[in-house]
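The whole structure should be built from the sequences, with the hints applied where relevant.
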Amino acid sequence: MDFQRILVPVSGTEADEEAMRLACGLAKKTKGKIWVIYVIALERSLPLDTTIESEIHKGEGILDCIEQVADEQDCGIETEILQAREVGPAVINEAVERGADLILMGAKYIMRFGQFSLGNVVPYVLKNAPCSVILYYQPVK
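The C-terminal position of the sequence shown is numbered 141 in the numbering used here, with every residue numbered one higher than the one before it.
The set of hints was computed from the structure by calculation and includes no laboratory data.
Ideal Cβ placement from N, Cα and C applies to all residues, glycine included.
Be aware that one or more of the hints could be misleading.
In the DMTMM-like style, the derived pairs of lysine to aspartate or glutamate whose C-alpha atoms are separated by at most 25 Å in a straight line are [stated by the list, open to error]:
| # | residue 1 | residue 2 |
| --- | --- | --- |
| 1 | Lys33 | Glu94 |
| 2 | Lys58 | Glu72 |
| 3 | Lys127 | Glu80 |
Beta-carbon label-pair distances, calculated as ranges [said to hold, decoys possible]:
| # | residue 1 | residue 2 | range |
| --- | --- | --- | --- |
| 4 | Glu43 | Gly12 | 15 to 21 Å |
| 5 | Lys127 | Met1 | 17 to 23 Å |
| 6 | Tyr137 | Glu72 | 19 to 25 Å |
| 7 | Asp64 | Lys33 | 17 to 23 Å |
| 8 | Arg44 | Arg98 | 22 to 28 Å |
This is the structure:
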């Protein structure tokens, strides 16, 4: 599998770092390009151009950590903070816009109503992705 354009959506979990390491390994083999995005989900009552400094600061911190992981792997990446109503559609739109041939995302263990759950974003991406998807699952420690 040769992936030239890899999109890595991050949310601030430990799984993000491992997903980034995996993306770097895949991109190095093919001299591919990696885009890392952090999506701020805005409430519907707010305009899309609303600036929420705390969320932007959080996103910048997460992207800084991911850049450090990429630097450790000697891998160049581009990062961006996006604002959208929902994270899943924003990830899919970004994949289409950039012509991604892989979405690589991390997932952590979530319990919802006493059962394992992938949340809302992962199932949406898996259902609507225009390209291959690799899901890195972070085991419970």
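The hints, checked one at a time:
no. : hint                       : result
1   : Lys33 / Glu94              : holds, 14 Å
2   : Lys58 / Glu72              : holds, 22 Å
3   : Lys127 / Glu80             : holds, 24 Å
4   : Glu43 / Gly12: 15 to 21 Å  : holds, 19 Å
5   : Lys127 / Met1: 17 to 23 Å  : holds, 21 Å
6   : Tyr137 / Glu72: 19 to 25 Å : holds, 22 Å
7   : Asp64 / Lys33: 17 to 23 Å  : holds, 20 Å
8   : Arg44 / Arg98: 22 to 28 Å  : holds, 26 Å
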